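Put together the whole structure using the sequences plus the hints.
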Amino acid sequence: MRRFETRWGILMALPAILGFVIFTVGPMVASFFFSLTDWQIGGSPSFVGLDNYSAMVNDELFWKSLSATTYYTLGAVPLTLIVSFAVAMLLNQKARGLSLWRTIFYLPTLVPAIANVVLWIWIFNPDFGLLNSLLRQAGLPTSQWVYSEQMAIPSLIIMSTWGFGNTMVIFLAGLQGVPRHLYEAVSIDGGGPLRRFWHVTLPMMTPTIFYNLVVGVVGTFQVFNQAYVMTEGGPNHATLFYVYYLFRKAFTESEMGYASALAWVLFMIIMVVTFLMFRNARRWVYYEMAGAR
Amino acid sequence: MTTLAARERTRAKGVAPTQGLRRPRRYGRALLYVALVAGSIPTLLPFVWLVRSALMADSQMFVAPPEWIPRPFQWSNFSEALTAQPFGLYLLNTVIIAVICVLGTVFTCSVAAFSFSRLRWRGRNVVFALLLTGVMLPYAVTIIPTFVMWQELGALDTFVPLTVPAWFAGAGGGVFNVFLLRQFFLTIPFELDEAAYIDGASPWRVYWTVVMPLSKPAIIVVTIFTFIGTWNDFLGPLLYLQDEEKYTLSLGLASFQSVFITQWGYLMAASAAVIVPIVALFFFLQRYFIEGVTLTGIKN
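Residue numbers (the working numbering), protein chains in the order written: chain A, 1 to 293; chain B, 1 to 300.
In short, the hints are calculated from the structure, not lab data.
As the structure is a computational prediction, the values presented were derived from the model and not from experiment.
No residue lacks a Cβ here, since even glycine has one placed at the ideal position from N, Cα and C.
Treat the hints with caution; some may be incorrect.
Here chain A is said to cover these stretches of chain B; the calculated rule only asks that three of the stretch's residues, wherever they fall, bring their Cβ under 8 Å from a Cβ of chain A [unchecked claim]:
#1 47-61
#2 124-132
#3 137-144
#4 202-209
Anything over 10 Å on all C-beta distances counts as not near chain B; from chain A, calculated [said to hold, decoys possible]:
#5 R2
#6 L36
#7 Y53
#8 M56
#9 D127
#10 I157
#11 T201
#12 L213
Following this line, the structure appears as structure tokens:
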């Protein structure tokens, strides 16, 4: 360790360290103190202890938002994992025009969130939208999609699955890392494609599946744009997603204290869920070098 | 039953029929293309719907069964939509914000990654591990205090809250970029640094003339991710920008949507105009995308 290394090392890491303190640790601590106060924007905060947290127990909309978000996550994450895994398997074959196929399947991911929402409002339009037009032509029953309380969340799940590209690319990278000789070993033993998938691909891919699962759950739990631009939390609070509810409390109703408490509860929920996923992972995630990283 | 080692040996002699392995038989191949085509139909259909609606006159759009080819092509949807609100200005604002963010993120993240990978100092690994925990923090926890902070500093309705955090290594989720660059820097031979130090170079010189020129693929990946992230950001501009003159494309499109709520031709034309630049960028830099994800070594 040379002296100039320490000096330069700290200097060069300084923006990142300062950023962490100013934009992560500071706001986190501040947010916790806010959550213990009753505070409207413009006014001054008054200390109320844990009142905000106990108020949540009787807040019907809090529970509604929690269940809507959970429902959405439980639908969107597994569906996206399955679809993107299947497509990644296809794209891992030696097909002609591979980069064109990859581009096609990645394209939806590139659509900016708001353009995506505007496009899907039109696709879901009950009278002249794409989905109902197709269903009508095929003689199938149509739906009110995001305009119906029952179908709103399933509709948003369909919409989110369309943007499966990022998950797919990560699966593709994982598939390309599966050692060839394992496939060859199965084939020599007379195993067909199904066996190769079941005994090699799937076990070797469990770390990638796990990564996508964790990232997917944490990301999906914080869904916001669709609720803000598309449904405004409706119909009848069916799509009142947690972060949208938090946003409304903070920036529309100006209840900064309560909104901060909501943020901390969300943080706790995500921590606990992530922890449980990691604990459970030991049972099904296969690491080639156990113990080593 | 033969052992694995034995199999390896036969393979080495070229006896085992490994050749046919990766080449699926003809019907398998046909099946692959059928699956690819079948999968791409639902993927592309929304785009087709977008483009046909963007080019259609209202009278043709609302007929049943739906028509797919616009007759005539209503190009005026584009000109009218894009002049109804100053989308040119929104584009300029978005590009300004995106460029400042990309420059800041690439510079501060690469400098930090250099420090965390190629300079030895006490506490380095502890600090790096701490920074990485920031990736897991939900953004909802920090938005309220961050908003209050910018409000106290009088920075609301400026680009400051949207761009300054990028100059602190992207702040929060941006730490992922430090991680990615660090992984890449670790693959560059350390002898190069040593040789430069013997010649009397400073760490800054090593960073700028040795490590950075060798890290183009990783830098391109960070550039792409940051650019797309900024381009698509909605919540940030929504929170911090009030004056319409300062709107970004996402914010502009959202406000356009609330005004022209039933003018589907205009809405689709405006959406298409927001989508096209980012898709074009992707086509130019396409091959770096998948490489980029692979080089982060995510599977560990």
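* **Distal placement of D127 of chain A relative to chain B, Cβ over 10 Å** => Non-interface label on D127 of chain A violated, nearest chain B Cβ at 8 Å vs cutoff 10 Å.
* **Given as non-interface: Y53 of chain A, partner chain B, CB spacing beyond 10 Å** => Consistent with the label, Y53 of chain A stays out of reach of chain B, its closest Cβ about 15 Å off (over 10 Å).
* Asked: Does L213 of chain A really sit off the interface, with its C-beta more than 10 Å from all C-beta atoms of chain B?
  -> L213 of chain A is indeed farther than 10 Å from all Cβ atoms of chain B, at 13 Å.
* Does the stretch 47-61 of chain B contain three or more residues whose Cβ lies closer than 8 Å to a Cβ of chain A? -> holds (count 5)
* Say whether it holds or is violated: T201 of chain A keeps its Cβ farther than 10 Å from all Cβ of chain B. => Correct as stated: the minimum Cβ-Cβ distance to chain B is 13 Å, above 10 Å.
* Just double-check L36 of chain A for me: nearest Cβ-Cβ distance to chain B has to come out over 10 Å. => holds, 13 Å
* Is the Cβ of I157 of chain A farther than 10 Å from every Cβ of chain B? -> holds, 14 Å
* Cβ separation check - R2 of chain A to all of chain B, threshold 10 Å -> violated, 8 Å
* Take the stretch 124-132 of chain B, compare each residue's beta carbon with every beta carbon of chain A, and decide whether three or more fall closer than 8 Å. => holds (count 4)
* **Interface exclusion of M56 of chain A relative to chain B, criterion Cβ beyond 10 Å** => Holds, because the least Cβ-Cβ distance between M56 of chain A and chain B comes to about 15 Å, which exceeds 10 Å.
* Taking a Cβ-Cβ distance under 8 Å as contact, does the stretch 202-209 of chain B have three or more residues in contact with chain A? -> Since three or more residues must qualify, the claim that chain A covers the stretch 202-209 of chain B holds, with 4 doing so at under 8 Å.
* Verify the coverage statement for the stretch 137-144 of chain B against chain A, using a C-beta to C-beta distance below 8 Å and requiring 3 or more qualifying residues. => holds (count 8)
Checked against the numbered hints given earlier, the structure breaks hints 5 and 9 and satisfies all the rest.
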